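Chemist: Below are the chains, spelled out letter by letter.
There are 2 protein chains.
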Amino acid sequence: MEISRRGQSVQASPIRKFKPFADAAQKAGVKIYFLNIGDPDIPTPKPILDAVRAFDDPILSYGPAQGFLELRQGIAGYFAGYGIDLTAENIIITNGGSEAILLAFATVADPGDEIIIPEPFYTNYNGYASLADLKVVPLTLKVEDGYRLPPAADFEARITPRTRAIVLCSPNNPTGTVYSAEELRRVADLAARHNLFLIGDEVYKEFVYDGLKHISLLEFPQIRDRVIVVDSISKRFSCCGARIGAAITRNEAVYGAMLRFAQARLCPPSIEQKAAIAAYKMGIGYFEPVRQEYERRRDVLYDGLASIPGVTVRKPQGAFYMSVRLPVRDAEKFVLFMLNEFRLGGATVMVAPESGFYATPGKGLNEVRIAYVLKEEDIRQALIILKAGLEAFQAVEK
Amino acid sequence: MEISRRGQSVQASPIRKFKPFADAAQKAGVKIYFLNIGDPDIPTPKPILDAVRAFDDPILSYGPAQGFLELRQGIAGYFAGYGIDLTAENIIITNGGSEAILLAFATVADPGDEIIIPEPFYTNYNGYASLADLKVVPLTLKVEDGYRLPPAADFEARITPRTRAIVLCSPNNPTGTVYSAEELRRVADLAARHNLFLIGDEVYKEFVYDGLKHISLLEFPQIRDRVIVVDSISKRFSCCGARIGAAITRNEAVYGAMLRFAQARLCPPSIEQKAAIAAYKMGIGYFEPVRQEYERRRDVLYDGLASIPGVTVRKPQGAFYMSVRLPVRDAEKFVLFMLNEFRLGGATVMVAPESGFYATPGKGLNEVRIAYVLKEEDIRQALIILKAGLEAFQAVEK
Chain A
332 MEISRRGQSV
342 QASPIRKFKP
352 FADAAQKAGV
362 KIYFLNIGDP
372 DIPTPKPILD
382 AVRAFDDPIL
392 SYGPAQGFLE
402 LRQGIAGYFA
412 GYGIDLTAEN
422 IIITNGGSEA
432 ILLAFATVAD
442 PGDEIIIPEP
452 FYTNYNGYAS
462 LADLKVVPLT
472 LKVEDGYRLP
482 PAADFEARIT
492 PRTRAIVLCS
502 PNNPTGTVYS
512 AEELRRVADL
522 AARHNLFLIG
532 DEVYKEFVYD
542 GLKHISLLEF
552 PQIRDRVIVV
562 DSISKRFSCC
572 GARIGAAITR
582 NEAVYGAMLR
592 FAQARLCPPS
602 IEQKAAIAAY
612 KMGIGYFEPV
622 RQEYERRRDV
632 LYDGLASIPG
642 VTVRKPQGAF
652 YMSVRLPVRD
662 AEKFVLFMLN
672 EFRLGGATVM
682 VAPESGFYAT
692 PGKGLNEVRI
702 AYVLKEEDIR
712 QALIILKAGL
722 EAFQAVEK
Chain B
332 MEISRRGQSV
342 QASPIRKFKP
352 FADAAQKAGV
362 KIYFLNIGDP
372 DIPTPKPILD
382 AVRAFDDPIL
392 SYGPAQGFLE
402 LRQGIAGYFA
412 GYGIDLTAEN
422 IIITNGGSEA
432 ILLAFATVAD
442 PGDEIIIPEP
452 FYTNYNGYAS
462 LADLKVVPLT
472 LKVEDGYRLP
482 PAADFEARIT
492 PRTRAIVLCS
502 PNNPTGTVYS
512 AEELRRVADL
522 AARHNLFLIG
532 DEVYKEFVYD
542 GLKHISLLEF
552 PQIRDRVIVV
562 DSISKRFSCC
572 GARIGAAITR
582 NEAVYGAMLR
592 FAQARLCPPS
602 IEQKAAIAAY
612 KMGIGYFEPV
622 RQEYERRRDV
632 LYDGLASIPG
642 VTVRKPQGAF
652 YMSVRLPVRD
662 AEKFVLFMLN
672 EFRLGGATVM
682 VAPESGFYAT
692 PGKGLNEVRI
702 AYVLKEEDIR
712 QALIILKAGL
722 EAFQAVEK
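In order, the protein sequences belong to chains A and B. Residue numbers for the first sequence follow this note's numbering, so the first one is 332 and each next one is one higher. Residue numbers for the second sequence follow this note's numbering, so the first one is 332 and each next one is one higher.
Hints may be right or wrong, so weigh each one.
Where chains are identical, the list cannot tell them apart; a pair therefore holds if satisfied intra-copy or between any two copies.
[What the hints assert, rightly or not] Here are the computed lysine to aspartate or glutamate pairs in the DMTMM-like style, where the Cα-Cα straight-line distance is at most 20 Å:
#1 K664 / E728
#2 K350 / D661
#3 K729 / E663
#4 K377 / D387
#5 K358 / E420
#6 K358 / E401
Since the hints were derived computationally from the structure, they do not count as laboratory data. This one's a predicted model, so the numbers in the text were calculated from it and none came from an experiment.
Isolated chain A (complex conformation) (with noise of 0.2 Å):
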């Protein structure tokens, strides 16, 4: 009684799967500095919470498939304080953005079709590759190029009769590239040339630093038809834990289709979506403290990064992660071995191995996803036990 291929192949997913050791680690009073995952600890903004706690339907009774006509208004008036039109009609609310990445897949592509995405990229895109039965083509980017898309021919090499989409994310996850309004123009035309749809995860648009603009997919006027948003209020609102997230497209037919199948799951969670309306009711000036915040630990873990011999790091302008090279064979060990062997003071630090956000295998190997998600101090203590474990490590893997 075998499971399926996809249930065999689906990778466990590598921010997540050394979780049990570091939860081992914890139960032995060690403190560890998690820098493995996205998770902010900037707090969640009290707009945000006291709607939670004002929560006071007698019933918490389902909401409309596509989310609360509030909460997509809501979002639509996000928007177009970035100039970018949209209304209520071209937005479903999902649990979180990651089911927006599997409406996506399953919308624009079958089992067996190809979607392009430029790597390492969001390791769960992954995940739903495999849920979705798709091929994810990767398009190999490196660190000393600071992750900037390639030319347009390198797209095109790997463009097929089953190619239906180019996955773009930006401000990236994991690398912090903010693409350019030439590399995404680039990517447009292709799109349009090659009749492709375009699926671009947006949701750490605020998140751009040394004065750069987000520029969104959805601002180029020759791929309107093409584009699917992904978007969520995790990392923008600090609040990972409500599973609030958006599909965006202004496609009247795939719009349909998200719907459709996003019907099947009756509706996201009411709660947050109500706590979701009363975070964009907050207004743009909630963003720029956090954002200035989040430039200052940049800076602070990019400093500390690049001081560290052997580790090969480009300062990134947005998101906030960096993709950092270091001087071991397998990075896997490294996170394993800060895990389960390596203290300082009692302490140690969790980073991600980045081999799971490569599709090429071999990839990555010696690579680690660096979240600064954890204030300043926190980032500079962390730096020295990575540090003196890297030192530690490399005695031990030699």
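Following the hints, put chain B in place on chain A, whose structure we already have.
Modeler: Quick look at chain B alone, frame taken from chain A:
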């Protein structure tokens, strides 16, 4: 630029697709008795709402992919109360029972594989079969037989080399039938003989009448490794908007694959998990008065329907639905007629057309599912309207 085949073919939920017409009628001031969806009017228990309001984490952060341990322990304890041995490690908390269906489908079957489901069945299996690209092989049951399961040979006639699982829902949505130990054993033996998985949708476990007892697929030792149970707090605790369900299995390979799929979506919503923990702490004393309330409603609805000329219905023993054959040619047109045209004292009734609960084309065209989720006096009023509406529609349809 075409969307995927599965995106084109996925059905609109027959429970959901007429919602816009209901919205329009309500906007025009019409009172609607909603008997189309299993969204109970029983108030959500206070401990659940209190737990929501008591949420006091400063950060609404990610939880474990498999759900909070305390909740999984609570669910295991609940099943232990029925003599069913489970541990927290057999349980994955899901985004409603809905996600458990998806995890189960994707874990037992690959695209093009087949699952056998007695029809009429919970219509949203169709949506998930489309998403996972499975072929639903229906086994048609009949209202005249009370929708009892047929002999093993009827199942066996539908088994092919691609058959991976049989899906059984008991108490059944939409028929209300509660399968007997003998019926379940027949299918359990069959699954063992033909090396199939069994997916048991048992979310209506607490809603069983006439002194009957619900029997779970988890109770049959010969299929201990073959069973995945879909569970949910939505109906059990009258909190459909919470979106907390569970996928339950004792098969470690199945559990591992479901968990890896689940890791891609990070975690179920945190606040409602805490609410669910509170729910299970209420103890089984909560259920009996609720069960009695539904039993009374069933009797009122059944007696009322049975007295309408031309209506065919058998008295079901569980859940809170009845599958009913109406004296009309096209139940979908009847539903639209009720929403768009028919009013009695400024009110109308919404029921769910049942063709979408069948996989066999042309089946169920004159059937509807009626949910007795409203209080007795509302059901009585709805019956008066339904009867009058039927007469009016029959005159129009002729």
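Chemist: Run every hint past the structure and note whether it holds.
Modeler: Results for each hint:
{"no.": "1", "hint": "K664 / E728", "in the structure": "within (9 Å within a copy, 72 Å between copies)"}
{"no.": "2", "hint": "K350 / D661", "in the structure": "within (18 Å within a copy, 54 Å between copies)"}
{"no.": "3", "hint": "K729 / E663", "in the structure": "within (15 Å within a copy, 72 Å between copies)"}
{"no.": "4", "hint": "K377 / D387", "in the structure": "both (17 Å within a copy, 11 Å between copies)"}
{"no.": "5", "hint": "K358 / E420", "in the structure": "between (48 Å within a copy, 18 Å between copies)"}
{"no.": "6", "hint": "K358 / E401", "in the structure": "between (43 Å within a copy, 16 Å between copies)"}
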